[in-house]
Structure formats: structure tokens, C-alpha cells
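Protein chains: 2
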Amino acid sequence: MNETAIRPGMDCVEIALGERSYQIHIGSGLIDTASSFHGLPAGRSALIVCNETVAPLYLHRLENALEVHHAVVHALVLPDGEAHKHWATLNLVFDKLLQHECDRKTVLYALGGGVVGDMTGFAAACYMRGVPFVQVPTTLLAQVDSSVGGKTGINHPLGKNMIGAFYQPLRVICDLDTLSTLPSKELSAGLAEVIKYGPIADMAFFEWIEDHVDALMARDKASLAFAVKRSCEIKAWVVSQDERESGLRAILNFGHTFGHAIEAGMGYGSWLHGEAVGCGMVMAGRLSLSLGLVDQAFVDRLASLVKKAGLPVVAPLLDTHDNVGRYMELMRVDKKAEGGAIRFVVIDGPGRARLQEVPDDLVAEVIRSSCASA
Amino acid sequence: MNETAIRPGMDCVEIALGERSYQIHIGSGLIDTASSFHGLPAGRSALIVCNETVAPLYLHRLENALEVHHAVVHALVLPDGEAHKHWATLNLVFDKLLQHECDRKTVLYALGGGVVGDMTGFAAACYMRGVPFVQVPTTLLAQVDSSVGGKTGINHPLGKNMIGAFYQPLRVICDLDTLSTLPSKELSAGLAEVIKYGPIADMAFFEWIEDHVDALMARDKASLAFAVKRSCEIKAWVVSQDERESGLRAILNFGHTFGHAIEAGMGYGSWLHGEAVGCGMVMAGRLSLSLGLVDQAFVDRLASLVKKAGLPVVAPLLDTHDNVGRYMELMRVDKKAEGGAIRFVVIDGPGRARLQEVPDDLVAEVIRSSCASA
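Residue numbers (our numbering), protein chains in the order written: chain A, 1 to 374; chain B, 1 to 374.
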């Protein structure tokens, strides 16, 4: 399975998960090319799920490429944005699949960013208790993070990604050309997750990003190719060791506990996920400093790079009366909270991360010193 | 894991699924006994999901037994019936879990029939991408079928069980005492699934049921114990070989393709699942006859036993203008339809079943000869 024609100039990263192993293809012009999808199950029907922003740009091109593989290629265009990552939108996928009498061999293609990928993956996990699916991420964030590793799901009014499944795609197709149409804000949001891989796993990569952040912001194709590839390699290494997040995998959530609180507190869709993670990483860096695990110079370096990537480094005020309390409340319900205690991913010396329970007073101090006003 | 105190007089059936293996405990007084739950993960919190019919009878008893194992035992009472097996009801479980800040170690207990079990199992599969759960089935149907094997899910307006997951419980606790409060109609519905195991796998068991159908209808405890145990053994044998229904497991759906059409066509909740399956088995028996796989005597025997178990043997009219067309349409969308063709579980000689595509005209003839009027 997964036999593929590797194109010249195309990079390939393998996610080793036994019978659920798959490849990430990284290159230019992949969406338009039928051979990108060679070797995947060729069910009679396929459904491409995308959103109203991506559809005019890439839907027709993917439909053309897939016509070789499937007798019928359906498409569903969802509203765009994190605010729509909930049950009602997910159900549109099920409606479409059932209206077209799609069966267990129907292949789902997620064409878009993290929201489309998470929802399509979860729909694939649940439709008839599981159908095959392929990720075709069109944002930097999705290419370096959300489309790789099998985390799928939707939000609940009381928490982000609270309802979901671990469900692996059969392949991830990262077409770098799609990044040329990405709004600057979203490019920055993606860079947050790229930057993340440095402090948690690879400070040499962190230095490379420091040297290339301007090139990345200018969408230099070669720089983007390396950033996507190295990010996927690190994520692949982590996920291969801990598919279901019973330990190591949690380090990928560096900056996410603060970040999720910001997203939820501001209302989903107000801050981009990557923006919240960018700011959250700086906060988590400060937390690591307060635990004596890193020095001030490291935190300054991290904050500086996050800022250069066009991301916020000042946290928003979530409640004018009890801002710290509101942050704590939101973080406690976050999935990292087990048995009532809040655990954070902290940097255990630059290039290494671990999960640690942190006393509330240290967390409160970081929130106070990171927020716009208190 | 799963180390247990086997009680005197308790039967135990093992489902062998590698690291997802678990036991079915069958006996009297199990719900009230803390030791029934010995060896299961003792997360800080637990949530018992049951329905408004079961709650007054058994909820308090289960709560008492679980107090030894969990610091906090929450309970959620859902509306009763197949008509509520949809997203809005499922979401009540997520609401409850999040309102109480339940985490990944929270254990879900499904206390009730198939609907409660399917929804609770699916909620456990999806909450934070998977939390542990235990089945405590209180109907005969759930004890012999739906609580065993890991099929979980909800209905969609366009099809039954279309949204779900394969997700195994950690244990199944079948307390035979709960069958004493079961309405006769539901006892019969459960017997449909008990009878099913005969034609597909074990004609000696079929003969035993023929000999004991009156005792079973009279709720003789020893007869019920054997019926539950033998049913679970056969189901365990099938599921162990094909957990995700890629082949053999489909034989457990004998009578279900016709049955699902009846349920969907009449509106979920109008016919009980077991009633529809009872009638569906007779129809599938006739289909096997029309293929020359069994003789008329076998079909008569099957119909006679289904009838003695208090189940309908005459199929309902689903559409006064095009009854056959309506049945075909509903069956095509059923999950057994792959690539457009309808496959049926047929009896390949008494005691053995297989999946087979059947020409539409033979199916149409069975529908015509089985319905109330045409």
C-alpha cells in the first residue's frame, strides 16, 4: 500500500505507525497532478470537503486530478473559520455523504486549513464507523501541524477540540504553491507552529528560523519547503512514538494551554489559533523561566522571533474583574487538565520539553505579567 | 489489567482482541456489588449514563456500588428510546462531562439498553478523543448483542447507525436480575438476536432455543443465563476474528438489512430493533430459500420460532404506491451497500452464513411475499 510516484523536487516524510503508516508529500504543483494520488484506494466515489475561501482557488484543480481515480467526485463547500468548527457544520458532511449514498469505500479529501482538516478527518472517522481520507492542507499551519498526526475533532461551547478521534489519513499532500495565496495573518499563524518545533526539539532549527524568518515572511519557496519538511520530520518523530498522546506527544502542545484559553476566552475565531499559540509560547517560556528551567535571554529570543513572525506577544485581557481567574478556569477545563491539576508543557532547557504541574501562583504571575493590562 | 473477582455462579466470557480484550460477566446481583467493578481503572470521577425508564430501577444501586471506586459519581438521565439516538441527545453527555470538568481518566458507565450503550460508547470514543467506558446492559438485546463487540454510534435522519466508532468497553456487566423488570415486548426483541445466533453459527443452540422458548418467555433464570452466555460466546468468537467488520463479522447482521429498512421506513422507535430483526430474519431466510441455499422446512422452522418468541413475521407496508421501491431505496443506503450493489447475509445451509449480492428481482419477490399487503 501507499506505493507512490515520487516526483522530482518533491520531499517525502514518512510517519511510522505500523499498519497506519503514511507519507507526507511536500512540493510544488502537487494538487494538479493525478500521480500525487497514485496508490491510494480508488473507491468509486470521493468527497472533497473544502471551504468558501479555498474552493474558488483550488477545488476545480483537485477535482480534475481526482477524476482519474474515482468515477464520481463530489464536493462540499463549508463556511470558513474556527467559529464553524462545530457539530452543525460537521453534520453537513454527513448529510452530503448520505444524500449521495456514499459507502464505506468512499474516500474523503480535506482541502483547506486546520478547520477543514480536523472536521473532515473526524467525519471520516465516524461515517459508517470509518472511511479512508486524505489531507490536502492549503495553509502553512495545516501543512506543518494539524494535518499530520491524526488528531481530528470539533469544538464544544465549553472547550476546544473536546469531541474528536485519533484517526490517521492515508496520505498528506502539501502543495507549497497554495501558500502563495495565503493571507499574511495566516502565514504568521503557521509560523507559530514552525517556531514551536525549535524550543521543544531542535534549537539548530530554531536558529535556522531566526536566520530565515524574513525569507519565510516573503514566501521564499525554498525556505518554506525546508520549514515544512523539518517541521513534519519532528512531528513525525514525536507522533511515531506516542500516537495517542499518553506521554511524549503532549510536548507538541507547547504554548497551547495558554493559547487555548486565549482562543476560548476571546471567542473562537477572534484570534487565529496560531496567533494564540504564538503568544502562548511566550507565556509558557516565561513559566519555564519562573521554574528556573531557562534563562531570560532564551525568553527574550523566543519573544523576539514570535514578534518578527508577525505574531502577538502581549496576551489579551479576558475578564476585567478577574482576569487571572478567567484564564485559570479556561485552562482547567482544557484537555491537559487531569484529576483537577493543571499541567503545562515547559521548556526543560532550550531544545527539550516536558509536562509539569505548575503551582497556581506561578501561573497567575505569568498571566499578570503577560497581559495588556491587569 | 482486568483482574477480577469471579463470583460463585457467575459466568465469564472473554472477548479476545489483543490489548483491547475484555470480559463479559453474566450473573445475578452484579450491579449492586462493588467487586463487579474491581480491577477497572479507578479514575477520580465517573459518569453513569442511563435513561428515564432505567434510572428509577437501577441507577441508585449502581451509584452505591461505584462509590468505592470513584471519588465523584455523576449521573445523566436521557430520554428513553431509539427516537432519541441522535446528536442532540449525545451532546447532553458532552455537556455533562464538560460542566463537571471531567478529564481523560473519567470512566463512563452505560446503564441501560442498546440505545444508551451505543450513545455512551460513542461519547466515550469521542470525548477528548477517547475515555474508558463500561457497559452495564439492562435489556436482553443489549446483553446478547449491542453491548458486546464495540460498535457504537448514533442515527442520522437518512440512516441508522451512520455515525459512530468501533470502540471497545473495558468490561460488560450483564446482571440477569435486570431482565425481571423488562417489558415483554423488549424481552421478545432480545430473543430475536438470541435466535439469530442459531441459523448463522450453531443449530444445536437453535434447537435448544426451540426447546426452551417458553421458559425464556417466562424468564426462567437458568434458561436466560445459558441463552446470554451462549449468545455472547458466539458473538465473541465472531468479533475476535473480525473486529472492524471487514468480513466475517457481517454475518451478525443476519436479518438486519431488511430490519433496518423496516425501522427507518416506519420511523425510528415505531418498531423495536429486535422486532424488525425478527421479521427481517424470516425475510432473509426466504431469500436464502430463493437462492436454493436452504429448504422450505428450515424457513418454516425459523418463522415458527420467531413467532413463538412473540415477534412479528409479517413485514409492514412502507409505501402504498411503491412498497418494493421504498424497501430497495432504504436498503441501498444501509451500510451493507457497497459500490451500489446490495449484499445480504444469507444462510448457506442451516448453521452457516455468508454475505452475497442478490439480484434485485429475487429481493423484490421476497418483499412482495412477506408484506402485509402489496
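The set of hints was computed from the structure by calculation and includes no laboratory data. Note that the structure is predicted; figures quoted are calculated from it, not measured. Each residue gets a CB set at the ideal place from its N, CA and C atoms; glycine is no exception. Among these hints, one or two may not hold up.
As the list claims (entries may be wrong) - With beta-carbon atoms standing in for the labels, derived distance ranges:
1) A:G247 / B:G247: 46 to 52 Å
2) B:G18 / A:K96: 49 to 55 Å
3) B:V314 / A:G247: 25 to 31 Å
4) A:A204 / B:A83: 45 to 51 Å
As the list claims (entries may be wrong) - No farther apart than 20 Å at their CA atoms in a straight line, the calculated lysine to aspartate or glutamate pairs in the DMTMM-like style are these:
5) A:K105 / B:D220
6) B:K308 / B:D220
7) B:K96 / A:E329
* Hints not upheld, ascending by number -> Of the numbered hints given earlier, those the structure breaks are 1, 2, 3, 4 and 5, listed in rising order.
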